[in-house]
Amino acid sequence: MALSTHTTPSGFLLPSIHSAPPFFTEQPNQSTHAHLTEKWMRLILAYARHKRLFVLRVEDAEVPGGEWDEILRNERINRRILPPYLSSLMAIMVAKNLAVYEPSKQTRAVLLYWRLPEEWADVLHSWATATGQLNTILTFYEISDPPIQSPLSGIPIPLLRRAITILSRSNRAQIIGVADGEGVRFFVG
Amino acid sequence: MNMHRGVGLAAFDKEQLSKRFAELSSELSKTQVDNLQSQLTQFRTALSHFAATHRDSIRSDPAFRHAFQQMCSSIGVDPLAGPRKGGWWAEMLGMGDWQHELGVQIVDVCVSTRERNGGVIEMGELVRMVSKLRGVESGVITEEDVIRSIKTLQPLGAGYEVLDVGGGKKMVRSVVKELDADQAVILAEAQVEGGWIVEAILENRRGWTGERARAALENMLLRDGLCWLDSQDEHYGQAYWIPSAMRWDE
Numbered sequence: 001m002a003l004s005t006h007t008t009p010s011g012f013l014l015p016s017i018h019s020a021p022p023f024f025t026e027q028p029n030q031s032t033h034a035h036l037t038e039k040w041m042r043l044i045l046a047y048a049r050h051k052r053l054f055v056l057r058v059e060d061a062e063v064p065g066g067e068w069d070e071i072l073r074n075e076r077i078n079r080r081i082l083p084p085y086l087s088s089l090m091a092i093m094v095a096k097n098l099a100v101y102e103p104s105k106q107t108r109a110v111l112l113y114w115r116l117p118e119e120w121a122d123v124l125h126s127w128a129t130a131t132g133q134l135n136t137i138l139t140f141y142e143i144s145d146p147p148i149q150s151p152l153s154g155i156p157i158p159l160l161r162r163a164i165t166i167l168s169r170s171n172r173a174q175i176i177g178v179a180d181g182e183g184v185r186f187f188v189g
Numbered sequence: 001m002n003m004h005r006g007v008g009l010a011a012f013d014k015e016q017l018s019k020r021f022a023e024l025s026s027e028l029s030k031t032q033v034d035n036l037q038s039q040l041t042q043f044r045t046a047l048s049h050f051a052a053t054h055r056d057s058i059r060s061d062p063a064f065r066h067a068f069q070q071m072c073s074s075i076g077v078d079p080l081a082g083p084r085k086g087g088w089w090a091e092m093l094g095m096g097d098w099q100h101e102l103g104v105q106i107v108d109v110c111v112s113t114r115e116r117n118g119g120v121i122e123m124g125e126l127v128r129m130v131s132k133l134r135g136v137e138s139g140v141i142t143e144e145d146v147i148r149s150i151k152t153l154q155p156l157g158a159g160y161e162v163l164d165v166g167g168g169k170k171m172v173r174s175v176v177k178e179l180d181a182d183q184a185v186i187l188a189e190a191q192v193e194g195g196w197i198v199e200a201i202l203e204n205r206r207g208w209t210g211e212r213a214r215a216a217l218e219n220m221l222l223r224d225g226l227c228w229l230d231s232q233d234e235h236y237g238q239a240y241w242i243p244s245a246m247r248w249d250e
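Protein sequences, first through last, are from chains D and X. Residue numbers for the first sequence follow UniProt numbering, beginning at 1 and rising by one. Residue numbers for the second sequence follow UniProt numbering, beginning at 1 and rising by one.
Derived from the structure by calculation, the hints contain no laboratory data. The reader is advised that the hints may include incorrect statements.
With the C-beta cut set under 8 Å, the calculated list includes, among others, these residues of chain X facing chain D [stated by the list, open to error]:
#1 115
#2 206
#3 234
#4 236
#5 246
#6 247
#7 248
#8 249
Straight-line Cα separation of at most 20 Å, EDC-like style, residue types lysine to aspartate or glutamate; simulated pairs [unchecked claim]:
#9 151/X x 115/X
#10 151/X x 137/X
#11 19/X x 34/X
#12 51/D x 26/D
#13 39/D x 249/X
#14 39/D x 178/X
Computed from a predicted structure; not experimentally measured. C-beta atoms are modelled at their ideal positions from N, C-alpha and C, and glycine is treated no differently.
Work out the full structure: start from the sequences and follow the hints.
Set out below in structure tokens:
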């Protein structure tokens, strides 16, 4: 009756603690709570990185069939993380700067920092340089949804904007208004 | 001589020997005493020679090590005893380092799992994890080795203790807070169910009152951090899980 790791259909290796029923309950003992919450946060970020998921919502624990089911539920042991616990986890992640509420002034959805905005800034600039797109004007849409899969594919606009803002502080990018939205020009770094 | 209590081989030191035989000589004849003295000296030499020859086997082969231990205790020699630090092991076999290293690894495993299990770990899991740390297969380090090593940790005063919870299972406690009798019972029952425990089990199998069961479990949960809560249990709504009684495949 050993608790073992398990590989999900999408190829993610779940740790053995995910097979333990109490993992899905918010613990009343403070140190146990801290210990298990730490594991949940790592798990959430690792899964987000694996599937390139940027947003986590309380709704993902309320309604099945979403992108997070492999993590938030364990059918084999008939357990799931309940919305209040997920909400609590999200708050802790925000407090630790592992996520931000996006949009701001609400607490139902977070943008996950499985890569910090500073790291995204470097990835963005490297990509612009490598694809020979310095000094040209690009729309935000062209960056987040390019014809060919890139390291920036799927990046939410708010996160993209944060990364560009970071680049602009070191004169590696400049935000430009374009006809139907926002654009950016990258400069040599 | 008391044959039930192990006597360190160091007790056969020359000075000690003379003293002992001075005491005995009034009862035995001189010839008998001489015989005894020479036989014991021969024996000591033989045992030392044996130990030196088979040092590697004793270190690496648990079956051989066990047999050697058995032989020592059957003739009333406790390799751990003796006036010298580490006892005879350290002297004869250079096992002091081996013993010490094992002790350090046991502490390592206990400390690193403490957050998860509240400072109580099942013996099998401890042996498995220490073996992993050493990079050896299962069976090379035995439960016996670990128990012996824990004995040497006791002077640390850190509360390392082996607990027998019945059903052939042992736990190692590494926190100062002692397990009370009720907690030991809960651990034993949880072992049977792979870590799962509810009040009903304690009431039905042990005849406890509801209050006693509830209080004991709540203390383990809230006060001692020795178990986790599952609020989605299909039959009981709330159930408790004891990580040290759960089997983990890391």
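The hints, checked one at a time:
1. 115: Because about 5 Å separates residue 115/X from the closest Cβ in chain D, which is inside the 8 Å limit, the hint holds.
2. 206: violated, 22 Å
3. 234: holds, 7 Å
4. 236: The hint is violated - residue 236/X has no Cβ within 8 Å of chain D, the shortest such distance being about 12 Å.
5. 246: holds, 6 Å
6. 247: holds, 4 Å
7. 248: holds, 5 Å
8. 249: Result: holds, 4 Å to nearest chain D Cβ.
9. 151/X x 115/X: violated, 24 Å
10. 151/X x 137/X: violated, 24 Å
11. 19/X x 34/X: holds, 13 Å
12. 51/D x 26/D: violated, 25 Å
13. 39/D x 249/X: holds, 16 Å
14. 39/D x 178/X: violated, 28 Å
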